[in-house]
Amino acid sequence: MSSASRTRILLAAQANKPAETLLPTVPDFGGEATAERFSAVLAGIGGTVVWLDGLGQLGSTLQQLFPEARNTASPLFAGTVPVDAGTPTEVLADIDLAVLTGEIGVAENGAIWLPEANMLHRALPTITQHLALVLDHRRIVATMHQAYAQLPGTGGYGTFVAGPSKTADIEQSLVIGAHGARSLVVLLY
Amino acid sequence: MSHALRADQFLLDADRTTWHDETLWFVREKRDRAVYAVPEFQALRELASQIKDHTLSRLDRYLQEFEAAAQANGVHVHWAADAAEHNAIILAIIRQQGATRIVKSKSMLTEECHLNPYLLQHGIEVVDTDLGERIIQFREEAPSHIVLPAIHLKKEDVGDTFHLHLGTEKGESDPQRLTEAARQHLRAKFLAGQVAISGVNFAVAETGGVVVCTNEGNADLGVNLAQVHIACMGIEKLIPRLTDLGVFTRLLARSATGQPVTTYTSHFTQPVAGKEMHVVIVDNGRTQQLGRPDFRASLKCIRCGACMNTCPVYRRSGGHSYDFTVPGPIGAILSPNIDMKKHASLPFASTLCGSCTDVCPVKIDIHTQLYKWRQVLGEANEIPASKKWSMKFMGRLLASARVYGLSGQFARKALRFLPHGLTHAASFNAWAVARELPEPPQQSFREWYQQQPKPVPQPPQPQVPA
Ligand code: SF4
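Residue numbers (this note's numbering), protein chains in the order written: chain A, 977 to 1165; chain B, 400 to 865.
Rather than coming from a laboratory, the hints here were simulated on the basis of the structure. Yeah, the Cβ is synthetic: ideal placement off N, Cα and C, and Gly gets one too. It cannot be assumed that every hint is accurate.
[To be verified] Here are the in silico distance ranges between beta carbons for each label pair:
| # | chain 1 | residue 1 | chain 2 | residue 2 | range |
| --- | --- | --- | --- | --- | --- |
| 1 | A | Ala991 | B | Lys674 | 35 to 41 Å |
| 2 | A | Ala1061 | B | His475 | 17 to 23 Å |
| 3 | B | Lys674 | A | Asp1070 | 19 to 25 Å |
| 4 | A | Gln1148 | B | His475 | 34 to 40 Å |
| 5 | B | Tyr770 | A | Thr997 | 22 to 28 Å |
| 6 | A | Asp1070 | B | Glu605 | 48 to 54 Å |
| 7 | B | Arg576 | A | Pro1064 | 52 to 58 Å |
| 8 | A | Thr997 | B | Glu605 | 16 to 22 Å |
| 9 | A | Ser979 | B | Arg576 | 47 to 53 Å |
| 10 | A | Ser979 | B | Ala498 | 23 to 29 Å |
[Stated by the list, open to error] Which bits of chain B does chain A cover? Going by a derived footprint, with three or more residues having C-beta under 8 Å, they are:
| # | region |
| --- | --- |
| 11 | 501-509 |
| 12 | 603-617 |
Okay, chain B solo, but in the shape it has when bound:
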C-alpha cells in the first residue's frame, strides 16, 4: 500500500487530522523560540554538520578507536551486520544472565530491528519504559514519531488504554493522573529489572562512552538498577571528542522539543564493579548508505524529529502512513535504502518545500535527497505506471511551445463544456479530489500579448545623475 492510501485512512477523521497538524506545529514553534534565543545557532548547525561529515569520512577508524576505548573501560563490544544478528546478540546476553525481567528505554534502532517481537518469540517480555512507548506497547502499535511516539493519540485514547491495562478509572483522561499511574506501574518494573536495554544518542570515540538523553529519567533508572546494561547503536552515532558534545547537546533538545536541553544527558562509560555493560554496534544497511554519495548525508541525522514537526505532509498524514520505523522526511530518504520496492512511494510524500532542510540541526539536504530518490526510483521502474506515463506525457507537452499552446487552447474550451463529474473524476484526477479547478480564462497570456499594440522602439536616453 502506498503512503497516499495510508494517509487516506488517517484523513478520514478530519478533526483529528487538524488537531495532529496543530499539535506538531506547536512543537515547531517552540523549537523556533528556543533556536532564536541562541545567537550562534546557525554557526552550531554548521559545526555539527562538519563534525558529522568528518566522522563519516573516517568512520572505520573512529569505530576502532571507540571499540578500543570502550574495551579498556571494561565494556563488552559486539558487532552486528544486520537486525537478525543484533537481536541474536541481545538474546544471548539475556540468556547468559538467565534474566526474564527486561526494561528498555527509547531506542529507534531496536524498533528498526524488531527486537521486542523477536524476544517475545523466545519467551522474553520487554517492558518499554518511556511513557509514550509504554502507551503504544500496550496498544500493540508502532511509534508514529521518533521523539513523541504516541503523538497520534489523544488523552482519551490513553485513558482507555490505561483503564484496560493499569486499571485506572474509566473515563480518566487527566494527563497528570495518567502519568502518575504509569509512574507507579513502571516503578515496579524498574525495581525488578535485571537487564536494561537503552539506545545511544552519541558514542564518543575518544572516551569509549555512550551518551543517552531523556526527559523522564527512565534510561538512568533502568540501567542503574539492573545487573546488565545493553546499549544499542548504529555505526553513525559516533562523534570524535567529548567536547563535540557541547555542540550537539546545544542543538538536540532545542531542535526536538524547544527545550534548552533534555532533563538528563547521561554519560555511561564504565560499568559498576560486579555489573556488566555491553555495546552492540549495528550496520543494518548503513555502510551501504555510506557508499551512496547522494544519500550518505542522511547518516548525519541525530534523530531530533524537527523535520517531521515542520513537514506539511507528515503533519497531515501521521507517522503510521509511512510504514517505516523513522517516518517523515528523514524516514523517506532512509527507507528506500533498506527496501526500495516497499518504500517507493515515500520520497513522493513531500511537497519539496524544503522546510525540513531549513530546520535540520546537522544541515542534511533532505529535500534534495527526496528529489534525487525520485530519479533513482524512476530509473529503477519503481513508480506506478500512471504516474510514470503522465510525467512522460507532461514532459513532452511542456518541452514544446507549440504543443503547449495547442493543448492550452483545447483545455480552455473543454473545461467550459465538459461536465464537472468528468473533469473532477477521482479515478484519474487525484488533484481534484479536494480542490476545484480555476475558472478557465478566455485567452492565454500569449494570445493577449499578441493582440496588444506593438511598443515603438525608443532610442536609449542618456542617464542624468540625480
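Looking at chain A on its own, in the form it has when it is part of the complex:
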C-alpha cells in the first residue's frame, strides 16, 4: 500500500505545487563571536562556564565541581565506567557525570555542537545526571549560520546542546532537570 501512496502523494504534489520560486542564498550576518557573549547567554539559560588554564587542569577542576560524582564516564580521562556504543542501558542509567568534548560553541544562544563521535554512546549526554562539555574557546562562532557552515556534516547523530534539560510545562514555571542532564558545565580553555 505504501508504494501506491508514494506515487499518489508525489503526483499530487507535482500537480498542485505553485510555480517555482528561487531558493535564496543565506548571508553570514556576522555577529559577536566572543567567549564573553557565549558565557553570558549560557548563564541565562541555566548553564555555567568554568575556565581551565589548559586541559591539564581538567581532573582537579572536575574534582572541585563534582566532589560527589561516583560513576563517571569520559573519553578524556579514565572514568569509573567504561562506555561504548554497546554499553547496556542499566549501566548507563547509573552514570552521575559524563565529560565530553564539544566541537563548536555558538555565542548567540549558548549551544554547543556535540557529534556522535564524541559521545561514547548516543544516550550518554541525556541519560547522565550531569554533563560537562570541554570546549576550545577558539571554536566559538557568532551564530547558527556560522556553526552550520563549519559542520562537515551531521554524522549519524549529533545535537546542539544549549544548557541543562528543562521544562516549563507546569504553569510556565521554569524547572531545570526534566529528563536529560540536570546540569551543564562548559569547561572553556
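Please build the complex by placing chain B with the ligand on the supplied structure of chain A, with the hints as guidance.
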C-alpha cells in the same frame, strides 16, 4: 458545537480565563524580548518565508531527494496518504518487533492522526514523554496548545493528577517537586522503551536526516535507548539544505518561548549499527491544501505557536474551544481544509487584527487567509443562517446612503424608548451580552453638518515660501 459555544464553557471561570490570557501574553512578551535582541530578525523571517515557498514549489522533487538520501543512510522510508495508513504503518513496525513498551515525544502529527487511541485499540499502550503531554495523557485530554500542551492547567490541577497517577502527596503543587516525580516515573519508561516514536521539526532533503527540537531531552533519551526509532513527518517539514537550519533554528525557539534556542536541537540521520530508524511521510490533506492558491502558505508553518500566544481570541477562549489538533489562528486556517463543515466556525474566531501575521516567523498571511476562508464558507453555505442573513441585511443597509440615514434616525429614537431587556436580549443581540450600547446621540453627524453655516468659498491664496 461552534467555537463560540465552546468558548462560553471556558469563560465560565472568569479568574482562570484572566490567568490564561496573562500567562500567554507573558510568553508573547518573552518572544518580543528575544526577537528584538536579533538585529536581522526581519531579514531571517523573509529568508525563512522564501526558503519554505521555494520548497513547496519543488515539493515533489525534494521529497524524492530526501527519500533517496535517507535510504542511502539505511533509513526505512514509508509513505502514508492519510491518518489511517500512518497508523497502520506504525502498528506494523511495532508488531514486527513484538514490542509492547512504546515511548513517544511530542508530535502534533500523531495527535492529528489519533495514533494513541488507535494503538490502544490494538492492545498497545504509548507513553507520552513530554511532561506537558504526559500530564494531559493522564487526564485523557487533548493538548490545548502545540508548544505548551498543558497551558490550560494550573499547578494544583497537575498536583491532583499526579497524586492520582504517581502517588505524589495530596495537595503537592510545587512545580519543582512535581517535575521531579515525573522525571522518576518517566525514567523507568525510557529505560524500558523498545520503540521510540518522535515528531520531526525539519527534514533536510540534502542529508536525508530529520531534526527534532526539545527542551526536556525526551526525544533523544527515548530514541537513543530504544531498538527502533519511528519519526513521523508531514510532507511540509522539508527544507532543502543543512545550512537552511541556520535560519530556522534562529527563529523557532525565539518565536515559540523567547528562548535563544531549544535545549536540544538533534539531528537523527543514521541508525546505530544493529538498530532501526523509520521515517513515515504523511500527506493527510496536505497536497490538497497545496492546490489551494489562497491557502497553501499555511503549509509553511513551523509550529512555533507564536500566533496562538498573541491571539486575543485564543488567549481568552482556550485551545480546547477550537476542537482541532492545532488550535489558534493557524489551526483556524488548517482545519477547514480537513473538514469544512465541522470547523466552519473557526475562521470566525478572530478579530482579524493581524497580530498573528505580525509575529509569524515564516510570514504566513494568517489573517488574510482567515478572511478568505470566511468567503469560501459563505459560498459553500457553511455559515449559520442568522449570521448569513444579518450580514446580507447589513450589506444592503450600508450600501445605500438613504437607507443608512433612515435607519440611523430610527435607531436613535428607538434606543431611547425601547426597554433595555429588549435591546440587549441575548437571544438576538450577542454583541450586547457583555457590552453596553452607547448613549444614542440627538442627531447624526450628517444632520449636524447640514445645520452648519456654509463656509464662503475663498479664492486660492498664493503660497509665500517661509
Ligand atoms: S502559523 Fe506562523 S506563528 Fe503560527 S505556529 Fe505556524 S509558524 Fe508559528
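Here's how the hints hold up against the structure:
no.	hint	result
1	Ala991/A with Lys674/B: 35 to 41 Å	holds, 37 Å
2	Ala1061/A with His475/B: 17 to 23 Å	holds, 21 Å
3	Lys674/B with Asp1070/A: 19 to 25 Å	holds, 22 Å
4	Gln1148/A with His475/B: 34 to 40 Å	holds, 39 Å
5	Tyr770/B with Thr997/A: 22 to 28 Å	holds, 24 Å
6	Asp1070/A with Glu605/B: 48 to 54 Å	violated, 39 Å
7	Arg576/B with Pro1064/A: 52 to 58 Å	violated, 31 Å
8	Thr997/A with Glu605/B: 16 to 22 Å	holds, 18 Å
9	Ser979/A with Arg576/B: 47 to 53 Å	holds, 51 Å
10	Ser979/A with Ala498/B: 23 to 29 Å	holds, 25 Å
11	501-509	violated (count 0)
12	603-617	holds (count 6)
In summary, the structure is inconsistent with hints 6, 7, 11 from the numbered list given earlier, while agreeing with the others.
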